[in-house]
Structures are given as structure tokens and as C-alpha cells.
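Engineer: Just so you know, the protein sequences line up as chains A and B, in that order. In terms of our numbering, the first sequence opens at residue 1 and continues consecutively. In terms of our numbering, the second sequence opens at residue 1 and continues consecutively.
Be careful, since some hints might not be right.
Stated by the list, open to error - List of simulated lysine-lysine pairs, DSS-like, C-alpha gap at most 27 angstroms: (1) A:K721 - B:K66; (2) A:K270 - A:K361; (3) A:K551 - B:K34; (4) A:K89 - A:K47; (5) A:K551 - B:K167; (6) A:K238 - A:K517; (7) A:K551 - B:K61; (8) A:K721 - B:K167; (9) B:K61 - A:K715; (10) A:K340 - A:K270; (11) B:K167 - A:K715; (12) B:K167 - A:K361; (13) A:K90 - A:K131; (14) A:K730 - B:K61.
To be verified - Just the calculated beta-carbon pair ranges, DEER-fashion: (15) B:A184 - A:F701: 48 to 56 angstroms; (16) B:D180 - A:D563: 17 to 25 angstroms; (17) A:H607 - B:K145: 49 to 57 angstroms; (18) B:Q282 - A:D278: 37 to 45 angstroms; (19) A:R265 - B:I205: 26 to 34 angstroms; (20) B:S124 - A:D657: 22 to 30 angstroms; (21) B:F62 - A:D278: 39 to 47 angstroms; (22) B:K286 - A:Q716: 48 to 56 angstroms.
Said to hold, decoys possible - Just some of the chain B residues that point at chain A, by a computed CB distance under 7 angstroms: (23) Y32; (24) V37; (25) K105; (26) P120; (27) L150; (28) I151; (29) Y152; (30) T168; (31) I205.
Note that these hints are calculated values from the structure, not bench results. The C-beta atom is built at its ideal place from N, Cα and C for all residues, glycine as well.
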Amino acid sequence: MKRTSLLLLFLFSFSFSEPKATISGFVRDKANGESLPFANVIIKDLKIGTTTNISGYYAIPNIPDGKFTVQISLLGYRTQTFEINTEEKKNLVQDIYLIDQSVQVSEVIISAEREEEKHTTQTGRIVMQAKDVADIPTIGEADVFRALQVMPGVKATSEISTGLNVRGGSTDQNLILLDGTVVYNPSHLFGFFSTFNNDAIKDIDLMKGGYPAEYGGRLSSVLNVTNIDGDRVNTHGKASISLLSTRLTGEGPLGNGSWFLSARRTYFDKIVSVAGLDTGKNALPLYYFYDMNLKINQDLSDDDKLSLVSYLGQDNLDWAIGNNELSINMRWGNRTNALKWTHLFSQTLFSNFTASYSFYKAQTSIDFGGFHLGQDNTVDDYSLRGDLDFFATNDHLVKLGAWWSQYKVTYSEHGDGDPYIFEDRPAQLSIYAQDEWTIDERWITQLGLRFEYQDLSKATDWGPRFNIRYNLDEKSILKFATGLYYQFLIAVPAGTDMGFSPFDIWIPINERMKASKSFDFVLGYETRYFENYTITVETYYKHFSDVLQFKRDMNSTLKVDIDQLFHVGTGRAFGAEFFLQKRVGDLTGTLGYTFAYTYRKFPDLNHGNEFMPKYDRRHDISATASYQIDENWKISSVFTYSTGQSYTRGVAREDIDFIGVVYHQTESGALYNHRLSPYHRLDFSVTKRASFFGLKGSWYFQIFNVYNRRNVWFKQFDNSKNPPEITDVKLLPIIPTFGFDFSF
Amino acid sequence: MNQPKKNIAATLSLFFFLTLNGCEEPNSGYDYDKQVVVNGTLTAGQNVDTLKLHWTSEVDKFYDRKALAIPGAIVLIKNSDGSVFDSLWYDTSNPGRYYSNDPAKKIEPTKTYLLYVKTPSPDSRIVTGMTTVPDTFSIIYSSVKNNDTLIYNPNASPHLFAWSPSKTLGTYLPTIFSLDSNAAMIPKEFYGDTTKKDFQRPEKIAYRVGLPREQTNTLLPWVFLNYFGNTRFDIFAIDENSADFLNQVIPAQGGELKEIHYRLNGGIGIFGAKTQAKNGIQAYIKP
């Protein structure tokens, strides 16, 4: 208590004893009032500045007396400048409204790009907006995860999975946040689509490694998806229709703030039902998903803002096979609700306090011949979080925060016997402190420490983080990051490792287990030497310890103690990534190349030898291009090539008898010691602006897998044949889709 | 060359170097090493059952069990203290099969037995294993009565079986046997709907797997029945080795290849034990 008081006294002494002037405020989009994170605000004459935080807030303290020019820049917006006179006023509160680049002249855009991320020390960061996602052709509709999967260092287990494998990490090692609230299973349609509706997204911020102390709880990456706040100026809406779904979005001013609502629903079930294909001998499943995003923002005063963020998404599948001999019903989905209070204690002490609730439920029910089997899995996450951004001096941005989560994890099986019910209620506390120190014009460093405690395992872990940036010159920088990361919740794959993830079961580690740990090193180089182009090269090395791999022989049930369910081992991943990006002009695009190795080692797997898991890829090349032909027409394409994924090959064959049944068995050789053929695919889309009954809009036509490459999903072994028959199970063929949207 | 250009050149050179050195590693060849396959299950109250020994074959070769039989091995069933309980004899007329010739030696429930196998030279492989036999138990309730005649009705309530608890077991294995060699298959819309050949040829034996060891009752739905005619309903208590084997092998029958862990040292296969509930039930199923 005494220490806390001293800390607060220290912070407030800084904030209340400012000897010089301070300028602060929010940076917003002029057209709709949306706050703009990651904008650079600099005082050109003094060569000091900062970057807006996730809420779009900035503060520059300790400005000496005088007249200065403040410059605000953000890619995609007109760079803006204005004058300040600190002799006249010491505490300047200045909200800044930037104008979208669509009314921009090219020279100034280039200037904005040069200024982008002037101060960040973060390595491996990918920042995207919804329009970047929309430019990536895919099946059905734009999807955040599919857009991220064409970035270097980010891979999917397969093209029908939205799971992300980031720099050698498994899909459960990513912290996925929607407006600051953890989303546990961010997928629809058995993992084919992510839960994130692109119409609702403002920013996507992926940190592939070396992420700062304010984040924790996962070993590999942090994905921060921020939804649109809502237009503070005008009320308007948008409707979109694709072969997959219909989406409706509305937003507008509300009181001293805004509202935003977006919803979508698929209609495969309606088509099947109307066509009468859901009954009879060849019944198809009735499947649909829906989701809804709601955000309400209110400015209670100049210093207090309140926002309510809500997400609801669910998948439903009902399938009656044969003459009701077999009936399968599945439900899964997420709900998140968060209430965020943003408070300015002073110009230099910014705070966010969030109370959130995240709920995930997956339910399977199978009935046949009066026999019922059911599985339920739920995760309840009640969290309280407080984050302070203290703009202590021009050189120091101090961040402090705490995150307390109370989880309730349940898993139950219902059959003919007594139901099996597993329930755990772990609590987790995280406290962090970090300081970003601008040493001089060339050196910026960020030092952080995160403390984590989980009450089931009684684990107390300290995660130091260190990032440093060196500006080689005006256009080129070097970055280095290292850190120690811990994970206390693990996802048990639901019986398959082919990339389906909606029924993965999240469970906490117990008192006989250690938190999984990774130690990251990242070295990066970035240059904007060529006008309009950004080139980034990063190398990384990760060491994993106490990583867990589900024992597939456990009959996919939790009928034993949690620690008995896993192999415990180590791992390492290293690689290098090259990334060329052009975000300005009629032709924009990216070129990414990743060269990587990923290893795992478990004493009781693969005879204790290291193996390369399925998501190991030696080479991976992705290229995206988007060309604005004229005011109305735009074409986009994406090409990906990667080393075939590893698989386990059979080496021996035998028959084993057991109570009258002969099992024809193929023995595996060394795990994942062979490669499928290389994966490659080209997707293409064309978009045209148009009007529909007087409403402005656009239509699009996309071709997925243009040259109909039948990539291999996995090798299937048919042991009933002698010798066993091995067939390639293929991925998706060429698929054209179309859709249109219009605004109102 | 100015400094930024040097930096870029150095970086790109590094990448070029990495790319050249990152050439695809070739798929490694077969790492086949033949292994001894043991098929042996002890049954409580019975003599030591036939134990089979074979070699594995290479995966792309035709598996000819007779040709791969291992003759002339030393096969010993030992007590838990290491003393020999029974020594099995090779039957030259049935390649790969080893028999007990001492009918007085009965497998005792709850007792632990060890396996010792030594193949003849030049291989001289040694395989060892251990199993504990589940305790005796009996069916205490069945909705199907012995010698019933039942009319197949997939929409009727499933059959209920309950039994007294056993001990020293891995799990229970409710099992349905079709006893008639030429029994007619029960037509099912579900099987008929699919093109998978597996569904068109259901096994004559159906299991319920995955029961927890504490569970002493089960429902067997009508759709589990695959054949008309004389049918036997049995409940087995199987040891840890057998339960572990089934848990791994049944999911591994299709899809991607999985690594199987056998509870044997020096070989693969199964050395397990089972105890059959005392009062199995037989019924006649008709359309």
C-alpha cells in the first residue's frame, strides 16, 4: 500500500509540476471523428514528438517557451501542421482532425509515409486497415486472418484454416484482442472464416514477436483488432451482399459521441432449406453463422470518455442423416462485452480502465437410435484492466498497468454413463511497467517488465522486455527486441490437427505444470530509401520451453488430470523475413519472403528426437498487388508459394489382432520427415464502383485459385488395402465468387 | 556508395545468401527397420491363449503374414517375480503361432504376468511386456434377455446393459458379435447414403470404446447391430495395455498417419489381458 502511494505520488508529482508547456489532445479523422492511433505528432523545430496511442491520444510535455510548428502525419491522411506559442499558453489542448488521402496530393502523402512510425521500437509489426484487407482477394468476402496469412512470418495450417502460425508458434499462442478483450476462438465455419467482420474494423495491429510488457499471456504474437468507433458527424449505413452472407452496417452521432452497429449472416441454410436438400437420403446440413458488433462512445467531459463494445457471434449446424438415424447438432460462438473508461488525470497522464467479459461456448450433440452423446466446452473470462500512459518528459513515455482475469473453464461429456464434468476457475494477475526512452535523435529504447501470477499453478513469472531502435539515418533504422513470455492457458485440439479449430478446448495449467515459456530475439532493419517503398528485413530466434502437445492417444477426453493430457517439451524457431511494401499510389502491394525453421522436441515423441511440426515452412513467398485503373475500376491479386508442409510417412506394415478384429496397421517413420509438394496459388479480383438505384456502391468479382492448382491438404493412409493405399487429399479448386455493396 | 545504399546492399546480400543456403532439404528415404510384432491377449480363467509373432513388412510391400511369421522363438509367460509361468511352443503347421501345452495353467484374475520373447539368431531380438489381468465380474442387468428374438427397429430405445465392477482394468469393452458366418447385413439408410466402402462392409463385431473405467453400464443403440441372425452381447474388462492400444489404433485407422506407442519393449503389437463378464447374452435379430 505504501509503495503504491509512493508510486502515485511520483506520477502526480510529474503531472502537476510541469515547469514548461504541454500540448496534448486526440487525433481524429475529420470526416467522421474516428480517433486515429499510430499518428506521428512532432514539433519540427525542436525535433521532439510522439505517436498517438491506441485511443488516438498524444501528449508532448516540457516544451520550452517560443513559437513552434507542430506536424501531424499518418499514412493515408494529409499531413497537417499548425503553429503554437507556448509563451502565451502553457497547457495547450489541441484535438487534431486529419483529412483522408482521397483529397490528397502526392507529395504530401510521401511525406506522411516517411514520418510513419517515427518513434516505435516495436519489431515485427503489421498494421492494416479494413481497406487493406478488402484488397486481398479471397473466397466469399474479405477476411482479416486471410489477409494476415500473406504477410511474412504468418502462416496457416492450410488454406481452409484461419488459424495463425506466427514465427514457429502454434495457433493457440496468439493473443487475439477485439478492442482489448480476449477472443478465445476467433473462427466461423470450422475455421474457414475469422469472427472479425471487415466492415466493422478500423485497425489491425499484429505484433509478431518481441512485443512490449503491456501484453502477455501468449508465447508468439499479439493481434489487436480495433473496431470502428462510429461516425461522430453523419448518420449513414452500408449493405453488402456476397455469395456467402449479407452484411449491414450503420453508424452515426449519438449524444456527445457516436454509435456503430454491424451485423452479418450467412444463408447457406436458407438455400438448402428452400431447395429441400435438408431431408431425405442425401440430406445436407443446415449451417449458418451470424455475428454482430456494437460500439457506443460517449464523451462525459473533456477528460472522461466512456465506450461500450460488444460482440456476439455464433455458428449453428443441424444435420439429420438418413431417416433420422443420425442427427448432429453443433453450436459454437463468442460473446464479448467491454466497458472502457478513458480518463485524463492530466494532460500527461492518460488512462484506460476496462471491465470486460468474454465468453466462448462450443456444444456438440449427436443422437442416433435413442443414443445421445454430447460435449460442451465453455470459457468465461471476467477481466479488469487498467493502463496508464504517462508522458513524463519529452524523452520518457512510461506505461503502467495491471490486468486481473478470473476464468471459468468447463468441459463436459454426456453419454449413457455418468456425465463427465471438468471445471476449473483459475485467476490470473498481470502487472507491467515499461518506459520508452528517447535517448537522442538516433537511439530510442523501451524497457519493460511484466509480472504474472496464476493461482492454480501458483506460478509467479517475471517477463522482462527490451526493445531498442537506432536511426541509421533519416530513412533507415535498426531495431532489436528481446523478451521472455509465458502462457498459462492452452488449447487442446479437438481431435484433429488439420487446422479446424472451433472445438479446441481451452484449459488452464495446474499445480503440477509449468507455464509454457518462450525467449525471443528479433533483429530488424527497415528502410524507406526508395521513394514510396518500405523495405523491412527481420531475423528472429525463439526458444520454447515447457511447451505442451496434446497426446492424441488420450481419446480426446479429459478423463484424467490435465497434466496427463500433454507431452511436455521444448522447441526452437528461427528465420529471416524480407518485406517490401508500397502503400502509396495507384499501384500498391507487398512482396514478402520468409526463410524459417521450426522445431519441437518431446521426450516421448519421435523417439525423443527433434521434429519439424506441420507448420514448419522453409520458404514462403507472398506477393499482393492492387491497381487502381481509374476512378471506377480496381484490380487486385495475390500470389503465394511455400514449401510443402511436413507430414509423417509410413515405413512398416503389420496386422494386429484384438478380440476378433484384425487391425491393419501402418507404422510411422520419423515424425514429419517428409514434405508435401510445394503449395502455390493465385487469386484475383476486380472491383468497380457503381450505383444501385441511386445508391453509391461497388460490385466485385473474385477468382480464388485462378489456375486451379490442386494443392495437397494431407496424405491419407488407407490401411484396409494391402499394401496401404496413400492418396493425396486435395484442397480447394478454382472458385469464382461475386458480391456487391452499397451505401445509404 | 553512401551509407544507406551500403546498408541495403548488405541486407539484400544476406538474404540472397540465406536463400541459396535454404534449399529444400530432400525428403529422407525410408528409414525402415523390421520389427517384431506381438499378438497376445491373456484371458482370465483360460489357458494361455495363442500368441503370434511376425515381422513387419515394408510399407509399400504386400503384407504376407505367413511369409513374415517368426519361427523358433523362445516365448515365455512369467509370473511377476520373474519365474516362468508357461513356456509356449511353436506350431509349425500354423506359421507364427505359439501355443501353451499345459491345460492346467489357467490365467488368474488380478495377477500380473510378464512376457519374454527372444527371436532366433541372427536377429536375436528380445521383446518384453507386462500385463495385469482384470478381475472377474458379471452382467447384472440387460434389457435384452438371453435367447430373445428381437425385431430390428432403429428408432426403438437402445439396449441397456449394466455389470458389477471389475478391478485392475483399463476399461470395459461392450461388444456385439454376429455369430452366423453367412448372416445378412442389416440395411441402413445411413450406410446406403454414403459412397464409402467402409460403411458398406460393417464389421461383424462392434465395440463401444472410450468408456471410463468407472462406468459400469452402457446403452447399445440398434444402429450398432450390423447383421441379422444369432448375436451375442458380451462385456469385456480389458487391461491398460489393451485400452491404450484401442485408444490409439481406432482413431488411426483413417486420415493422417499417427505415431503409435506400444506398451512393449523391443517390439510392437499388443500383450494384454481381458476378462469376460460371466453371463454373456445371446439373442436372435430378425427384420
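Engineer: Would you mind marking each hint as holding or not holding in the structure?
Structural biologist: Hint check:
Taking the CA atoms of K721 (chain A) and K66 (chain B), the gap is about 17 angstroms. The hint holds against a cut of 27 angstroms. A C-alpha spacing of about 24 angstroms is found between K270 (chain A) and K361 (chain A), which places the hinted pair at or below 27 angstroms, so the restraint holds. Proximity of K551 (chain A) to K34 (chain B) is assessed by CA-CA distance (about 26 angstroms); at most 27 angstroms being required, the pair is judged to hold. A distance of roughly 20 angstroms separates the Cα atoms of K89 (chain A) and K47 (chain A); the hinted pair therefore holds under the 27 angstroms criterion.
A distance of roughly 25 angstroms separates the Cα atoms of K551 (chain A) and K167 (chain B); the hinted pair therefore holds under the 27 angstroms criterion. Taken as a hint, the K238 (chain A) and K517 (chain A) pair is broken in the structure, with Cα atoms around 45 angstroms apart against an allowance of 27 angstroms. For the proposed pair K551 (chain A) and K61 (chain B), the alpha carbon gap of about 30 angstroms is over 27 angstroms, so the pair is violated. Restraint check for K721 (chain A) and K167 (chain B): not satisfied, since their Cα atoms lie roughly 38 angstroms apart, outside the 27 angstroms limit.
At roughly 18 angstroms between alpha-carbon atoms, K61 (chain B) and K715 (chain A) fall within 27 angstroms of each other, so this suggested pair holds. The suggested pairing of K340 (chain A) with K270 (chain A) is violated, with an alpha-carbon distance near 38 angstroms, which exceeds 27 angstroms. At roughly 41 angstroms between alpha-carbon atoms, K167 (chain B) and K715 (chain A) are farther apart than 27 angstroms, so this suggested pair is violated. The hinted pair formed by K167 (chain B) and K361 (chain A) fails the criterion: a straight-line CA distance of about 37 angstroms is larger than 27 angstroms.
Restraint check: the Cα-Cα separation between K90 (chain A) and K131 (chain A) comes to about 40 angstroms, which exceeds 27 angstroms; the hinted pair is violated. Taken as a hint, the K730 (chain A) and K61 (chain B) pair is honoured in the structure, with Cα atoms around 25 angstroms apart against an allowance of 27 angstroms. A hinted range of 48 to 56 angstroms holds for the C-beta pair A184 (chain B) and F701 (chain A), which are about 55 angstroms apart. Checked against the hint of 17 to 25 angstroms, the pair D180 (chain B) and D563 (chain A) fails, with Cβ atoms roughly 48 angstroms apart.
In this structure, H607 (chain A) and K145 (chain B) meet the distance hint of 49 to 57 angstroms, their C-beta atoms being roughly 52 angstroms apart. One distance hint, 37 to 45 angstroms for the beta-carbon pair Q282 (chain B) and D278 (chain A), holds here, with the actual separation near 41 angstroms. Restraint check, R265 (chain A) to I205 (chain B): a C-beta distance of roughly 46 angstroms breaks the suggested window 26 to 34 angstroms. Checked against the given bound of 22 to 30 angstroms, the beta carbons of S124 (chain B) and D657 (chain A), roughly 25 angstroms apart, stay inside it.
The hinted window of 39 to 47 angstroms between F62 (chain B) and D278 (chain A) holds, with their beta carbons roughly 45 angstroms apart. Between K286 (chain B) and Q716 (chain A), the C-beta spacing of about 38 angstroms breaks the proposed range 48 to 56 angstroms. Checking Y32 (chain B) against chain A by beta carbon gives a least distance of about 5 angstroms; that is within 7 angstroms, so the hint holds. Satisfaction of the interface hint for V37 (chain B) is found here, the shortest Cβ-Cβ separation to chain A being roughly 4 angstroms, below the 7 angstroms cut-off.
A least Cβ separation of about 22 angstroms between K105 (chain B) and chain A goes past the 7 angstroms threshold, and the interface hint is therefore violated. Evaluation of the P120 (chain B) hint against chain A yields a violated restraint, the C-beta minimum of about 19 angstroms exceeding 7 angstroms. The restraint placing L150 (chain B) at the interface with chain A is violated, with a minimum CB-CB distance near 13 angstroms, outside the 7 angstroms limit. The restraint placing I151 (chain B) at the interface with chain A is violated, with a minimum CB-CB distance near 14 angstroms, outside the 7 angstroms limit.
Look at Y152 (chain B): its Cβ only gets to about 10 angstroms from chain A, farther than 7 angstroms, so that hint breaks. With a least beta-carbon distance of about 17 angstroms to chain A, the hint placing T168 (chain B) at the interface is violated under the 7 angstroms criterion. Given the 7 angstroms rule on beta carbons, the hint for I205 (chain B) holds: about 5 angstroms separates it from the nearest Cβ of chain A.
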